[in-house]
Every structure is written in structure tokens, then in C-alpha cells.
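Enquirer: Take the given structure of chain H and dock chain W to it, following the hints.
Residue numbers (my numbering), protein chains in the order written: chain H, 4 to 336; chain W, 4 to 336.
Worth flagging that the hints you see were computed from the coordinates, not collected in a lab. Don't take every hint at face value.
It does not matter which identical chain is used: a pair holds within one copy or between any two.
Straight-line alpha carbon distances no greater than 27 Å define the calculated BS3-like cross-link-like pairs of lysine-lysine that follow [to be verified]:
1. K25 - K257
2. K257 - K139
3. K257 - K140
2 protein chains.
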Amino acid sequence: MTALRTPYLMFIGDSHDQLAAKVADGVVYWRRDWCVGQFRLPGCKADLKIPDMSIEEAAKAGVGTVIVGVANRGGKIPDSWVASLEKALDLGMDVASGLHKRLADIPELAAAAKRNGRILLDVRHPTQSFDVADGKKRSGKRLLAVGTDCSIGKMFTALAIEKELRARGKKADFRATGQTGIFIAGSGIAVDAIVSDFISGSVEWLCPANDDDHWDIIEGQGSLFHASYAGVSLGLLHGSAADALVMCHEPTRKHMRGLPTYALPDLAECIRVNEEMGRLTNPNCKVIGLAINTSALDAAAAERYLKETADKFGMPAVDPVRTGVAAIADVLN
Amino acid sequence: MTALRTPYLMFIGDSHDQLAAKVADGVVYWRRDWCVGQFRLPGCKADLKIPDMSIEEAAKAGVGTVIVGVANRGGKIPDSWVASLEKALDLGMDVASGLHKRLADIPELAAAAKRNGRILLDVRHPTQSFDVADGKKRSGKRLLAVGTDCSIGKMFTALAIEKELRARGKKADFRATGQTGIFIAGSGIAVDAIVSDFISGSVEWLCPANDDDHWDIIEGQGSLFHASYAGVSLGLLHGSAADALVMCHEPTRKHMRGLPTYALPDLAECIRVNEEMGRLTNPNCKVIGLAINTSALDAAAAERYLKETADKFGMPAVDPVRTGVAAIADVLN
Numbered sequence: 004m005t006a007l008r009t010p011y012l013m014f015i016g017d018s019h020d021q022l023a024a025k026v027a028d029g030v031v032y033w034r035r036d037w038c039v040g041q042f043r044l045p046g047c048k049a050d051l052k053i054p055d056m057s058i059e060e061a062a063k064a065g066v067g068t069v070i071v072g073v074a075n076r077g078g079k080i081p082d083s084w085v086a087s088l089e090k091a092l093d094l095g096m097d098v099a100s101g102l103h104k105r106l107a108d109i110p111e112l113a114a115a116a117k118r119n120g121r122i123l124l125d126v127r128h129p130t131q132s133f134d135v136a137d138g139k140k141r142s143g144k145r146l147l148a149v150g151t152d153c154s155i156g157k158m159f160t161a162l163a164i165e166k167e168l169r170a171r172g173k174k175a176d177f178r179a180t181g182q183t184g185i186f187i188a189g190s191g192i193a194v195d196a197i198v199s200d201f202i203s204g205s206v207e208w209l210c211p212a213n214d215d216d217h218w219d220i221i222e223g224q225g226s227l228f229h230a231s232y233a234g235v236s237l238g239l240l241h242g243s244a245a246d247a248l249v250m251c252h253e254p255t256r257k258h259m260r261g262l263p264t265y266a267l268p269d270l271a272e273c274i275r276v277n278e279e280m281g282r283l284t285n286p287n288c289k290v291i292g293l294a295i296n297t298s299a300l301d302a303a304a305a306e307r308y309l310k311e312t313a314d315k316f317g318m319p320a321v322d323p324v325r326t327g328v329a330a331i332a333d334v335l336n
Numbered sequence: 004m005t006a007l008r009t010p011y012l013m014f015i016g017d018s019h020d021q022l023a024a025k026v027a028d029g030v031v032y033w034r035r036d037w038c039v040g041q042f043r044l045p046g047c048k049a050d051l052k053i054p055d056m057s058i059e060e061a062a063k064a065g066v067g068t069v070i071v072g073v074a075n076r077g078g079k080i081p082d083s084w085v086a087s088l089e090k091a092l093d094l095g096m097d098v099a100s101g102l103h104k105r106l107a108d109i110p111e112l113a114a115a116a117k118r119n120g121r122i123l124l125d126v127r128h129p130t131q132s133f134d135v136a137d138g139k140k141r142s143g144k145r146l147l148a149v150g151t152d153c154s155i156g157k158m159f160t161a162l163a164i165e166k167e168l169r170a171r172g173k174k175a176d177f178r179a180t181g182q183t184g185i186f187i188a189g190s191g192i193a194v195d196a197i198v199s200d201f202i203s204g205s206v207e208w209l210c211p212a213n214d215d216d217h218w219d220i221i222e223g224q225g226s227l228f229h230a231s232y233a234g235v236s237l238g239l240l241h242g243s244a245a246d247a248l249v250m251c252h253e254p255t256r257k258h259m260r261g262l263p264t265y266a267l268p269d270l271a272e273c274i275r276v277n278e279e280m281g282r283l284t285n286p287n288c289k290v291i292g293l294a295i296n297t298s299a300l301d302a303a304a305a306e307r308y309l310k311e312t313a314d315k316f317g318m319p320a321v322d323p324v325r326t327g328v329a330a331i332a333d334v335l336n
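Extracted from the complex, chain H is given alone in its bound form (with noise of 0.2 Å):
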């Protein structure tokens, strides 16, 4: 895809809560710098904590990219959103949304677009085409956060890990697979839209080769034990051809996500599968440590499952939120 034009204005609309603008929530937190401001509409019940704008504001204040960074019921884009949309198109500025509808689909905004020569992205709806993987070889190493389950810590794992490597002076680049992830680093591929023949060859796009000393940090998507989506997940770890892996977990959690009759796996297991059918695509695959959500947790519990699960398995446990990733990056050559 198109690399987004930063810096962002973060549209969240009338968000009837904050987590209806986690997406936005997120590209705040991890790239404050590109966030120049706020778009709220009146009713709006989330707060990004940071200036409020109006588009011509953000307009003059040299924003390249709307962000519609909200999620909704549908995924639909209300009639009320359209003419901030609109004016943002007619002031130089390009929207993304990362919504189950296309702004491409709104005529207002598609003849914004096209007489202002602007691009409208979807990124849930992939438009340029890829091969199929050839599962060769490249250069380069890549570290792909896989878990025991969706919606555990995967995106938020990789990006504290390519943040931690770039503050010790190392060659890192995030690789978004997800909407939030894409906007975060302003380019990357919502695997889970690209049809199945090419979700492998997709990948390999995303990641290709690279320096030697190079680390690029894959977000990770499913789990090879979630029954939805564990197509994708391994599409991804085949395409990824890891050299490492960080398995997230949450030790808390009573089921698999959305499925309320499969329990998580065991992570021993988890940990042995994903190695196994990672090294199909790169024979040294090895899960070299653990990214534990222990938000469930009190400080003293969570200490104590973070040091026995390091123990147990021989490698570095963190809470990236917690304890940060540093055990991990040590880990990495």
C-alpha cells in the first residue's frame, strides 16, 4: 500500500465511549509525535488528550492524513461524518479508515477525492495484488509475535520490542498486519483481507529482504489454536519465515475469544506447534521469549507468574507493560 502522508488529524467522531476510539487510542499512544490533533463531533464521549482541531486547522497546521480511528456498530460511516470528511478532501488532505465500509463507497467522498487528487485508503479492503509466496530464503531477521489467542498483546508486544531495539541503536521496523498496526506505522497489510491464496505471499511482501543486521518486528495476528482465524495465523507465520518468535498469552483468560467451549492452550504446546510449523519457511524458528498480560493480576501475583514461567520454559518472560521488553532484546543479536 500507499505509505500514509503523516502528520495525522484523529477523527473519532461521536464516539459514544473511549473504547469506541481504541483505534485512535492507540495511534496516540504509539506515535504522540504524528498526532497533531483531535476531530471530535458533538456527543463525543472519548478523549485522546490532545488538542482539539477543527479541519481547517488541522489544514493549516500541515496535517497529511485524516485517521477515522473509531469503531462502531456495522462499521458503517454515519451521514453526519460525511461533511468533515468531505472539507478535509477539499483542503489537501488524505482519509483513512480502517472501517467494514469504504469511504470509497460514499459518493461525496469519492468525487471529494478524485477533484482534489487525494487519496481515500480502506485498509480493511486491500486494492493492489500480490504473488504467491515462493518461500524463499531472504536476508535479514525477522521476529514475529504469535500467542495463544486473538486480542492478547501481539501488536502491542511488537511495537515496545521495535521500540526498545531502536533505542539501543539497532536497525528495527515494525510490520503492521492490522489496521491499528497500519496506521501506527503508516504502511502495512490487513492480512485478514487479503484473499487466502496470498496470504503467505503477502507477507513475504511486507517483510522482504534486508541488511543483515537488520530486525523487522512483525505484529502478529490469531492464533494457530483459535478455530476462526488459524488460517491466517499460520498463512502469516509461513510468510513471516521467522527466526524468532515471542508467544503472548494472557494466564488469566477462561476461553478462546469469541469461542466460549475452547479453552486456550497449553502453552508448552502452543510454544512446540508454532516452532514446528514456523520451521517449514525458516528451519531455525524458535520461540525465544514470552510476552505475558498480567494486567488481571496484582503486582505480587504477576511478578510471580512472570519469574516461574521464565523458569519453566528457559527464556525471558515480560510484561510489556509491566516490566517492558528489555529481556527480551537481549535476547536478540
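Expert: Quick look at chain W alone, frame taken from chain H:
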């Protein structure tokens, strides 16, 4: 998808050799009764060995659908085909194609379909939307043909098993997951063309709950060991929630199809991994037989290989072409 209206006129255009008409060949082999004739243009080098028929004759014979059963470079629809296909629509027939280029993108065909209220079906371009898989246990029994590689006999094996079970008076339905299979079944889903989030969900839709003594015999795709397509294969395995797997293999193949540096997996390993991954959605998932493509072996070597393989794995090993699949049907209760 809408079920295709039978019978068929097999359109093989100006195929430059017999292989270019292999989709049509497969349909004629498995559904001779549905194929009332073939339509060939001047210079066609393929012959399905069924009566040649003009578009007008096909209309008189009550043909429901013209099947474009040709492969060509780039999956295009040459201008020279358009007049004949347009006439078919004008005479009340539907047109179905498995080419990459969409019938619906050809203005003359789109207009003719519209004015006649007829259907243009591009089986590689599903328009139907599916739910995400729910992974729920469902009634009925399901068999999935899996493989050590692509293009190794999975469709043929599944169709042979359907035929054998029906000949024994058992309830069985072949479920198609690729273009040729869809023409043979009259319906189905090209899973490699499905958006990756919905692979398993589309397969749950394809083989829904059924009578306790009913077998769905599902066409497999790719291989868990194919670096390009394993994501499709895993989504299909999970969505099928198969009770029984039949492992398809070609013992003389030197490398994975399209991947010169990838050796075929060890058969025992491939069985183990398919069973292990399949058990996520059906804890009873088990490989119950082997379908070996022995076409590269002479009769004595084939017989020896089948016997040794059956003994080694303690299950029936057949060649669906040479020996039939009775020994596999024997173990399906």
C-alpha cells in the same frame, strides 16, 4: 453460491491442446450425464469426446449453463469467445467460468445477462459473504481429502469416495472447494478465493450439520506443508471439523509443486501433523486411509508400494484410479 443449472454445454473455445481443457475433461469424467455437448471454435485442439453442439442446438437440448472449462495464459476471455457466450445468454442459458478474468467485466456479457435475466457465475470471485467460523460441533460425518502437496489427487479421491459410498446406498455428498469441483458438484466454494478471515467460516457453511449417517466428502486444497498455501489448508481443515481424513500422496514427486527447494514431507509426519491440527475442531479427527497416485510406477511397483504402505501405517492404501477406493469406503461407518 447459487447452484448451477444443469445440464451443461462444455465450452472449450480454441484450446490449443488437451491440457488446456482439463477442467472440462474433469467435469465430463465425473458428470457425463450433465454434459450434453461440447462447443469448440475453429482451431480447437482439444476434444472431450462428447457431441459437438452449436449454441442454438444446446438451447434446444435444454442446456441450463454454459461452462467455460478452459485454462489459458493469464486467465483471459478472448474477444473471439464473446459472441458465442452472448448468444447463449440471449437463448436463455447461464454462463459459468473459472477463469481469473470476470465474465461480468465484459460489457457485452454483463448487458446480455441483464436483459435476459440470466446469471454470470465467476467461481473464482465469490460474491457471497460468510460468517467467521464458530467452531461448534455439528451433526453428520465429514471426510476431508488432505495431501502431502498440491495437485496430488485430492479432488479425484473425494469424488471416488462419494461415488463408492452412493453405490453402497449410503448418504454422501461431495463438497467442492475448487473450480473444477464446483462445476462437478454444481455448487461449492473456491476457498482459495475467500478473504482469509472467513476461510473456516465458509467451509462450515459448505458442510453444515446433517443426518447422523450422512457423509460429507470434502475436497481438500494445498497442503499444511506447502509454503505458499498452508494457511488455506489449515482453515479448510478446521472448518471441515473432519472425523476422517484421507491422505493423498505421490511417491515419486521430487519437490513441492512450484517450490524447487522444498522436499515433500515424510508421510508419517504429514499424517501426524494433520491429525494434530485437525483435532482442534474435532477431537476424533483421524487419518483413516491413504490415496496414492501411482501413475508414475508400473503395475508391479504400484502394487508393492500400496501393500508396503498399508502395512506400515495399518490402514488402507489405495490408488483411486488403479484400485478404486473400496478399501477406504469399507472403514467409513
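Enquirer: Give a verdict on every hint.
Expert: Structure-based check of each hint:
no. : hint        : verdict
1   : K25 - K257  : within (23 Å within a copy, 50 Å between copies)
2   : K257 - K139 : between (39 Å within a copy, 17 Å between copies)
3   : K257 - K140 : between (39 Å within a copy, 19 Å between copies)
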